[in-house]
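All chains, full assembly: derive it from the sequences and hints.
One-letter residues, chain by chain:
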Amino acid sequence: MAKSNEELEARIAVLERKIEREKKARVMSEQHLEVHSRALYETNQSLQTSLAMAKKKQAELEFLRQTSGDVSSDISLQELITNTVELTGQFFSVECGMFIVTQNGQALESKVDNIWRAPNEWVSDKAFLKQATQFLPIQQQECLSMWLVSAIDEQSSHALSGFKWIVFVNFELLGNKIAWLAFFSRAEYLDEEALSVLSTAREHLLSGITRRITDVSIRKRTVELQDTVNRLEQAKRQLIQSEKMASLGQLAAGVAHEINNPVGFIRSNLEMLEEYLQDYQQLHELISKQIGISGQLDAAQYQSLCENIDLVYIQQDSEDLLASNLEGLDRVKEIVENLKTFSHSGDGKLDKIDIKACIEGALKIAWNALKYEHIVDNLLPDDLPEVLGNIGQLQQVFVNLFVNAAYAMLKGGKLTIKSKLTPRVLLVEVIDNGCGMDQKTLDQLFTPFFTTKPIGVGTGLGLSVSYAILESHNVHTQVQSTVGKGTQFSLSFPLPQ
Amino acid sequence: MKGIIFVKLNQFVDELWGDEFWDELLQDAELPSDGIYTSVATYDDAELFTLVGLIMEKKGLTGQQAQMAFGQWMFKQLLEAAPPEAHKFTDVFSFLYGVQDVIHVEVKKLNPEAILPEFEFIEETENSLSFHYLSPRKMCYFCEGIIEGLADHTGQKVAIEQTECEHEGDARCVIKVTKVG
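Chains as they are written, first to last, in this note's numbering: chain Z, 954 to 1450; chain H, 78 to 258.
Because the hints were derived from the structure by calculation, they are not lab data. Keep in mind that a hint or two might mislead.
Result set (DSSO-like, lysine-lysine): computed pairs, CA atoms no more than 30 Å apart in a straight line [what the hints assert, rightly or not]:
hint: 1; chain 1: Z; residue 1: K977; chain 2: H; residue 2: K135
hint: 2; chain 1: Z; residue 1: K1083; chain 2: Z; residue 2: K1008
hint: 3; chain 1: H; residue 1: K136; chain 2: Z; residue 2: K971
hint: 4; chain 1: H; residue 1: K165; chain 2: H; residue 2: K79
hint: 5; chain 1: H; residue 1: K253; chain 2: H; residue 2: K215
hint: 6; chain 1: Z; residue 1: K976; chain 2: H; residue 2: K136
hint: 7; chain 1: H; residue 1: K215; chain 2: H; residue 2: K79
hint: 8; chain 1: H; residue 1: K165; chain 2: H; residue 2: K186
hint: 9; chain 1: Z; residue 1: K971; chain 2: H; residue 2: K153
hint: 10; chain 1: Z; residue 1: K956; chain 2: H; residue 2: K135
hint: 11; chain 1: Z; residue 1: K977; chain 2: H; residue 2: K79
hint: 12; chain 1: Z; residue 1: K956; chain 2: H; residue 2: K136
hint: 13; chain 1: Z; residue 1: K977; chain 2: H; residue 2: K185
hint: 14; chain 1: Z; residue 1: K1008; chain 2: H; residue 2: K186
hint: 15; chain 1: H; residue 1: K186; chain 2: Z; residue 2: K977
hint: 16; chain 1: H; residue 1: K79; chain 2: Z; residue 2: K976
hint: 17; chain 1: H; residue 1: K85; chain 2: Z; residue 2: K971
hint: 18; chain 1: H; residue 1: K136; chain 2: Z; residue 2: K977
hint: 19; chain 1: Z; residue 1: K977; chain 2: H; residue 2: K153
hint: 20; chain 1: H; residue 1: K136; chain 2: H; residue 2: K165
hint: 21; chain 1: Z; residue 1: K1371; chain 2: Z; residue 2: K1286
hint: 22; chain 1: Z; residue 1: K1286; chain 2: Z; residue 2: K1309
hint: 23; chain 1: H; residue 1: K185; chain 2: Z; residue 2: K976
hint: 24; chain 1: H; residue 1: K85; chain 2: Z; residue 2: K976
hint: 25; chain 1: Z; residue 1: K1373; chain 2: Z; residue 2: K1305
hint: 26; chain 1: Z; residue 1: K1064; chain 2: Z; residue 2: K1083
hint: 27; chain 1: Z; residue 1: K1324; chain 2: Z; residue 2: K1367
hint: 28; chain 1: Z; residue 1: K971; chain 2: H; residue 2: K135
hint: 29; chain 1: H; residue 1: K153; chain 2: Z; residue 2: K976
hint: 30; chain 1: H; residue 1: K165; chain 2: H; residue 2: K215
hint: 31; chain 1: H; residue 1: K256; chain 2: H; residue 2: K135
hint: 32; chain 1: Z; residue 1: K976; chain 2: H; residue 2: K135
hint: 33; chain 1: Z; residue 1: K1371; chain 2: Z; residue 2: K1438
hint: 34; chain 1: Z; residue 1: K1189; chain 2: Z; residue 2: K1083
hint: 35; chain 1: H; residue 1: K79; chain 2: Z; residue 2: K971
hint: 36; chain 1: H; residue 1: K79; chain 2: H; residue 2: K136
hint: 37; chain 1: H; residue 1: K234; chain 2: H; residue 2: K165
hint: 38; chain 1: Z; residue 1: K1286; chain 2: Z; residue 2: K1317
hint: 39; chain 1: Z; residue 1: K977; chain 2: H; residue 2: K85
As structure tokens, this is what we get:
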């Protein structure tokens, strides 16, 4: 059924309103789209700006990271400075950088290339250096607290032509020296933000330089300390040697006596032998005379001449005297040899040594102190194993122990030396039955300069030095003593494994 | 409320009752926007309620019926506009879980200012899922309708009820979806 006109009009009105709404909606949508697009564009712009900023910040951070990395690394001061120039030049996007060291307002000759050129090359350029240095206030003794910027005028020399700015800083080195870093830019304007980053980097650099300078002082101090240690070591060695010499002095009287005895009898023997030689000469003269008179010598005459000078006795006695002299000389030689071992300071090197020979050598040196009043009971077997030691030093220790034992047994007594062998240790015991020591004395036994002997008799160093020697031999030392009964020193020598 | 809802309501009314009825609604409603809706703009919530109220009045429907019918129809429309993730779901329950964690996340990316309902899941059994519907707009019936549409989409049969409803004097709305058959 066809719609009436009214209905059609109503329908048209509905559609017209609909179209109107759609049109307006479209305009709204387009406006919305425009706003949105603009917002998008602005967001994009701001993102790009942020990205550029972020990239710049990243470059700044990377620069600071690298400079800090260098600062905290172990590279030398020279490397630190050259690296800093390179990094700063690249970060600051300048064409040229340099470093110089001055002292008392004078630039010092650089041993290495000190002019850096972009992208990354080190060169020497005296003309440039001379011109560039004129822009630095190198006469000033005080260090700058920040980077300074100077303009380079148009009329400046050929070497600097084209550069507009010089940016520089300095810092103190050891020995009144000042290091200068300078950068040359052709840019119209300098990036202020980059300057502030440089100032942060400068702080890092300063701390790095301070650290390196401190390191140098510490190294110097360490060397001094090591010197002191060495001197002390030397003093200690000298002390040990002096103590030994002091002991030797004490022993000298006894030793002299020991040597004097054989020397005495050797001399009287030689006098005797001299007389016998004269007798022989006389016999020879008489024989020659007789032969000169009669041209011959018969047996009876020879017999008579010989009996005249008692030749049989002379021959017999001469043999005895010579044997006695040789024995006496051997004794002297032996004592002197032992003294040589004893007095030889040595280098503290430990060798495999025969401990029995060492102890017996010491006994011979100390013999004079023991031979009259004391019985020496040496129970050491012949087959003792070798120990690691310095024979001179150990002999010093035993001489000390023996002399002390003798001193503890002034009215005579018995010195016993014996040993015990375990798989790891050789135990040597030195036992006397003298006066013994109380606890107070025992406590101070190894204290330097502690002595119970009258002034002028002992140095008080003997046992402390002995103890130090035994320690250096890794010998464990034990002392047991009872007043009135005696003292026992037990020395445990570790056996070489 | 986002303009898309108005545009879709317009489409729904056009399909169901014709553009003349929509025109009639707008004539009577005298809305601030004059019914000029674009999907990207935002409009006063009250305009929707005015329009829905007029539909109820003119067609003799309850608010519940109106919202549910619109919700059921709306699901398909929303799904078309939804991010690709929304198309992966084949089950009503997993879709409901995904609404908040996947779909609303994507919606927020495009419309940061959109006010979206929240679901607080209370109980799930093999066949049923209960959740607390939270929205300042209190459009729980619309939500029920959407779930109907969702079940049509997944091809599942479900019974939807509100065990608690603010419109019935309860403190909150709890929607329970039960799979049937």
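Tested hints:
1. K977/Z - K135/H: Measuring from Cα to Cα gives roughly 27 Å; hence the hint holds.
2. K1083/Z - K1008/Z: violated (37 Å)
3. K136/H - K971/Z: With Cα atoms ~22 Å apart, K136/H and K971/Z stay inside 30 Å; holds.
4. K165/H - K79/H: Within the cut-off at roughly 25 Å; holds.
5. K253/H - K215/H: holds (16 Å)
6. K976/Z - K136/H: holds (29 Å)
7. K215/H - K79/H: Since the Cα atoms of K215/H and K79/H sit roughly 16 Å apart, the hinted pair holds (cutoff 30 Å).
8. K165/H - K186/H: holds (19 Å)
9. K971/Z - K153/H: holds (25 Å)
10. K956/Z - K135/H: holds (24 Å)
11. K977/Z - K79/H: holds (17 Å)
12. K956/Z - K136/H: Holds. K956/Z to K136/H sits at ~24 Å (cutoff 30 Å).
13. K977/Z - K185/H: At roughly 27 Å apart (the allowed maximum being 30 Å), K185/H and K977/Z satisfy the hint.
14. K1008/Z - K186/H: holds (27 Å)
15. K186/H - K977/Z: holds (28 Å)
16. K79/H - K976/Z: holds (19 Å)
17. K85/H - K971/Z: Roughly 15 Å between the alpha carbons, so the hint for K85/H and K971/Z holds.
18. K136/H - K977/Z: holds (29 Å)
19. K977/Z - K153/H: holds (27 Å)
20. K136/H - K165/H: Distance of about 37 Å is beyond 30 Å: violated.
21. K1371/Z - K1286/Z: holds (27 Å)
22. K1286/Z - K1309/Z: holds (19 Å)
23. K185/H - K976/Z: The hint holds at about 29 Å.
24. K85/H - K976/Z: Roughly 18 Å separates the two Cα atoms, so the pair holds.
25. K1373/Z - K1305/Z: Given pair K1373/Z, K1305/Z holds - Cα atoms ~19 Å apart, limit 30 Å.
26. K1064/Z - K1083/Z: holds (16 Å)
27. K1324/Z - K1367/Z: holds (11 Å)
28. K971/Z - K135/H: Given pair K971/Z, K135/H holds - Cα atoms ~20 Å apart, limit 30 Å.
29. K153/H - K976/Z: Between K153/H and K976/Z the Cα gap is close to 27 Å, so the pair holds against 30 Å.
30. K165/H - K215/H: holds (28 Å)
31. K256/H - K135/H: Outside the cut-off at roughly 35 Å; violated.
32. K976/Z - K135/H: The given pair, whose Cα atoms are some 28 Å apart, holds under the 30 Å limit.
33. K1371/Z - K1438/Z: holds (18 Å)
34. K1189/Z - K1083/Z: violated (58 Å)
35. K79/H - K971/Z: Distance of about 20 Å is within 30 Å: holds.
36. K79/H - K136/H: holds (25 Å)
37. K234/H - K165/H: holds (19 Å)
38. K1286/Z - K1317/Z: holds (12 Å)
39. K977/Z - K85/H: With a Cα-Cα distance of about 17 Å, the restraint between K977/Z and K85/H holds, given a limit of 30 Å.
Going through the hint list in order, the structure does not satisfy hints 2, 20, 31, 34.
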